[in-house]
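Read top to bottom, the protein sequences are chains A, B, C and D.
Take 1 as the starting number for the first sequence in this note's numbering and just add one per residue.
Take 1 as the starting number for the second sequence in this note's numbering and just add one per residue.
Take 1 as the starting number for the third sequence in this note's numbering and just add one per residue.
Take 1 as the starting number for the fourth sequence in this note's numbering and just add one per residue.
Please keep in mind that the hints were generated in silico from the structure rather than gathered at the bench.
Glycine included, every Cβ here is placed at the ideal spot set by N, Cα and C.
Treat the hints with care, as some may be off.
Stated by the list, open to error - Computed, partial: chain A to chain D, Cβ under 8 angstroms:
1) P28
2) P30
3) T205
4) Y209
5) I259
6) Q276
Each chain, written out:
Number of protein chains: 4
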Amino acid sequence: MSFQIPAYVAPNFSDEALRAAPDAVLTPAPADFVAPEEYHATSIYPEYFKIDGHWMLAEQSRMDCVVIYDGEDLLVKEFRNIKRGDKVVVGRTEDGSEGILVHPCGFSDSVDTHESFAFRQSRSCETAFSIDYDLLYELLRHDREHGHIVWVLGPACSFDADSRRAFTTLVERGYVSALLAGNALATHDLEGSYLNTALGQDIYTQKGYPNGHYNHLDTINRARLHGSIERFIEAEGIDNGIIHACVQKSVPIILTGSIRDDGPLPGVLYDAYEGQEAMRAQLSRATTVIAMATALHTIAAGNITPTFRVLPDGIVRPVYFYIVDISEFTANKLADRGSLSAKSIITNAQDFIVHLGKALEA
Amino acid sequence: MSFQIPAYVAPNFSDEALRAAPDAVLTPAPADFVAPEEYHATSIYPEYFKIDGHWMLAEQSRMDCVVIYDGEDLLVKEFRNIKRGDKVVVGRTEDGSEGILVHPCGFSDSVDTHESFAFRQSRSCETAFSIDYDLLYELLRHDREHGHIVWVLGPACSFDADSRRAFTTLVERGYVSALLAGNALATHDLEGSYLNTALGQDIYTQKGYPNGHYNHLDTINRARLHGSIERFIEAEGIDNGIIHACVQKSVPIILTGSIRDDGPLPGVLYDAYEGQEAMRAQLSRATTVIAMATALHTIAAGNITPTFRVLPDGIVRPVYFYIVDISEFTANKLADRGSLSAKSIITNAQDFIVHLGKALEA
Amino acid sequence: MSFQIPAYVAPNFSDEALRAAPDAVLTPAPADFVAPEEYHATSIYPEYFKIDGHWMLAEQSRMDCVVIYDGEDLLVKEFRNIKRGDKVVVGRTEDGSEGILVHPCGFSDSVDTHESFAFRQSRSCETAFSIDYDLLYELLRHDREHGHIVWVLGPACSFDADSRRAFTTLVERGYVSALLAGNALATHDLEGSYLNTALGQDIYTQKGYPNGHYNHLDTINRARLHGSIERFIEAEGIDNGIIHACVQKSVPIILTGSIRDDGPLPGVLYDAYEGQEAMRAQLSRATTVIAMATALHTIAAGNITPTFRVLPDGIVRPVYFYIVDISEFTANKLADRGSLSAKSIITNAQDFIVHLGKALEA
Amino acid sequence: MSFQIPAYVAPNFSDEALRAAPDAVLTPAPADFVAPEEYHATSIYPEYFKIDGHWMLAEQSRMDCVVIYDGEDLLVKEFRNIKRGDKVVVGRTEDGSEGILVHPCGFSDSVDTHESFAFRQSRSCETAFSIDYDLLYELLRHDREHGHIVWVLGPACSFDADSRRAFTTLVERGYVSALLAGNALATHDLEGSYLNTALGQDIYTQKGYPNGHYNHLDTINRARLHGSIERFIEAEGIDNGIIHACVQKSVPIILTGSIRDDGPLPGVLYDAYEGQEAMRAQLSRATTVIAMATALHTIAAGNITPTFRVLPDGIVRPVYFYIVDISEFTANKLADRGSLSAKSIITNAQDFIVHLGKALEA
């Protein structure tokens, strides 16, 4: 079995109602950062807007944004990026009657023929996951060649020797196109690379080291002395770990900070919106997203990621969003977003990644 | 690395205080089912009692029981099995001063030299588990030849194709000496074997079958028609699954019922105390216990299992008790019982068992 | 606002299809405990069967049972209670076409006008529960006079001084018609009444008592000496606690055992099916069920409880089933059974019961 | 029972070893943001440093920082705030022998006499919480007059009518000295105030509003139009809710952003370290902290909050840190920090706050 991109069925624009529909109403933003009354907010689905008599797809979408027409393209912008006078689409119907057409079912036919990629509600630890693993392997093999695989990682998989090794394998085999994470993942992973511990415990034997609680701070301090993660890796002769593997393979690493952070490591984006921009730059290219063991970054990535992507050749394909978490609450929270949106796997991130590492090793 | 049984250090009975200690006091039980005042209740540890001037180990122990001397042996009995007039050990000190000596640290030296088998508190999904897997593989390879490996299973691992296959492999390779479970595990597993579904969903594709909610009832009804699980397997040509594998390999299956059960399948013990007796018969021989994805049966098995076992050659060795559960609450509840008692692994039972299946395949 | 029983809309039996429908097929059971092929299994909803040209409601229903016509009445029996030759309804359609009509929507109109009693899916700790509390208070005030309120309790609310007091208040005010629980709830509650501890810790100050781990065993042993819970309460001068309050008010207490139990207390039903019968005797009269902090007993009670009850005057009313649990997994597992079936409240049972105690005190 | 500040027992500086101890070593920071090798990192406990022959307490402490002597005072600074040349305390012993004395047990005597404020490990939903509520009421009554009560809130308690009302009561009665939260809490609370919904559902009836998913965006957009939360409240005639109550009572509101945020509301600090500074400004005055239903902000606040505070009159008192969360994992994660550090209550935040509202109403 090998993965085929499901065909996208665009709306039937020759339909009389859509042909007769008016242009979308554009209203100038009253001030920077402020949308006009009755602005239209985007969903996770493909959305079309009638401009000068033509239906245009907003290609680079994400949810909870406004749509701005700049005279040429439809831009999907966060509220904080609105400029006074931007021409914002206004209207809250979705059926085309105001020139706004939300199209949630573009992949539903193909979903029927490939049902196992359909997304079910209310998954639990008692859901059978064998087929999900098999389909995911297939998807990753495809997208390694033809897509952009974005990983969103919490710190859990940096604590454990086998998990670090498994993720490294995935990086080396080309299954990681970008890594989005926080200060904690990078710090604990580099602590493992530099001092062989995570939070002061040996990453394999779990034994505590004397004064081991200093180890993560020492790692950060040393990296700051060298001025960048790359220089730290080089100067200290780091030769293993998740971050090391990404640096070696030139995989972009986007580290976004939070109020929870020590340090931080050099390179961490501690402005939340600068962080979102950097995440969106990767996620807007994503064809598959795997978010593991982090509620904060998973929800952030989920907010930014639409259900579809327009490939360079114009083909519209689904974006697959996997959430791997041991908590059903976290895993299902995003999965509530709707069909074809997110598939949750309820397990320990370590076991998940070791499975992937083994299956994709060859 | 290969597993060595840690050496047991018995109490030093030449110690003056122990030599001078009085005999344990024995008081007749006042009625059936009733212990005398100030009865001594057992722990999970080796316990010695001074009888006629000699320290004797209660060999077949379990916690929260009384100790009865029948004139020859020390019997560790549940309260419900007390008979009027039984000579019950009385006294609530543990240091030998009343002829009762609880010995919790018999394995502590060896634990120092083999520290990774020491049991840590407060394990979570962020605990690094690589070494636990490696040590468990080693332990199972040893105990397959030299021990008795008891599995306690909730239904989760019968829902999933890969998990069923992995467990089957373990049975075939001799890693399962006995299976303790409830009606649900057996029913869902046999539903999978007989109709290829679990609760009406295909065990691989997860697709619902028409009227699939009848499948578990049909399975039970059919088994009852045949009169036993063994005859059902034979008559219906069952050739796969957990129960099938155990039957093929003559692995004892103890199915204990609960108020939650439909049916039940033939052979399920629906008297709770008859069920406990059958469980204890296996657990009193256990050298390793792995309890997965069931709070009820795990706690029941934990209550019955001591931390040590006296081998036929008189050697005292530890009993290793693993709890695999996705809920930290469940996994840590039993692990609270004390050191050397239980080690918890917080993960999805499916992933755990697939890991074991792969590692022990060869 | 005060609670009104929603009106039940029976199927329209003058409908041509239902009038033309054949009688339900009755097939004799081939053996004790065994249903005939293609038996019909009951759901949680009202179900009608055409017998001798008349549609009859199976009044005392529960799910996953068979329907037997004894020449006069429709009996809903567990498989284990089938006798060879019983006339069992056969057929797996639900639309009347085989004389079997399942009627899930009998309360849907009234639900529209009283929408807040509708049951939503996917409740979490972030669901707003204010209205649920208010409606529950209202319901309990009604059913105290006009219904049968069955409580299903796990041990959690016996560990805490305020919770025990709150539940006692509910018993005294008539809000408890029956108590279903296990050995643990009764043991810990009586330990609190007798020795002021729960598992050896003071139920208010949480301080450990010396040798406190003996306290639950001493309580059981003492109760066994006296021979019954009632005699224990009298002989030892117990004057507080959940069990004491129920005994004082002659509230039936059904204690069902499990393989997890020590002891047990006298009166515990340790045959799982005898236990189910005793539970069903109470649940078949229930108009409201509140199940708290126990997965085992909640699921057992849920299996036994239909969504409706026929009152002595022939009126059909809904049965309200509440699940109170801190785990979303447990709380939502039963709630999956379908609309109008179960409403989950995700919280600590202590806080829940203290709220109820305060609100219903007056 | 009324709350008394436990007496603090300072180290015995007349002890010979402490008198003979050398001065702490001060080493200049090699660069901005970088500590010298072997820097000393702070804990959550009182720490003394010998400077010019005198033991000085670092009064404004927080963990995982460095200690800098500016010639007059000991400053506890985050690594990111180190300036090149700052004189940083160096040394990793804690017993005074290098002029560094960590003093974790300053309150232990008083803890003995007031044991219930001692903090226990491994709390679960089965822990009895009655005494915790009673002591907390007592503590809040005391600290309303004599302390600084900082609340750290996740969005959960803004979703529910009773919870919002209860928190409002606490603000009005003076039990809230500062509010730390994220964009989500403020947005959902203001959505409730402005449009009577939370995420589009009525905050009491839970009914969905048409196009209700626009409500939180409309609230933010409107607040941005007005330019500040205060002007929004005034211009739109907001007269209820958590944020409204704080504004009315001039309670400082610190809103820190994250990558998960829409919007954000005006006033949200979206630089993580600017956010930490604003949080520390409040937390360095805190005598009691209550963190509810947020992992991110709770951990952030926990990192910043020491176990003690020096009052203006020089008295050293404990800081009480409560974590209220429905997840044991979250609640216990911080509580692991050590004794006297954090007390967790495992429950739904709604029920917790409604209890407090009722108890402290009078």
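Hint check results:
Look at P28 of chain A: its Cβ only gets to about 14 angstroms from chain D, farther than 8 angstroms, so that hint breaks. Here the hint on P30 of chain A is kept, as its CB sits about 7 angstroms from the closest CB of chain D, short of 8 angstroms. A hinted interface residue such as T205 of chain A counts as satisfied when its beta carbon comes closer than 8 angstroms to some beta carbon of chain D; here the least separation is about 21 angstroms, so the hint is violated. Given the 8 angstroms rule on beta carbons, the hint for Y209 of chain A is violated: about 12 angstroms separates it from the nearest Cβ of chain D.
Here the hint on I259 of chain A is kept, as its CB sits about 4 angstroms from the closest CB of chain D, short of 8 angstroms. The restraint placing Q276 of chain A at the interface with chain D holds, with a minimum CB-CB distance near 5 angstroms, inside the 8 angstroms limit.
Taken one by one, the earlier hints fail for this structure at numbers 1, 3, 4, listed in ascending order.
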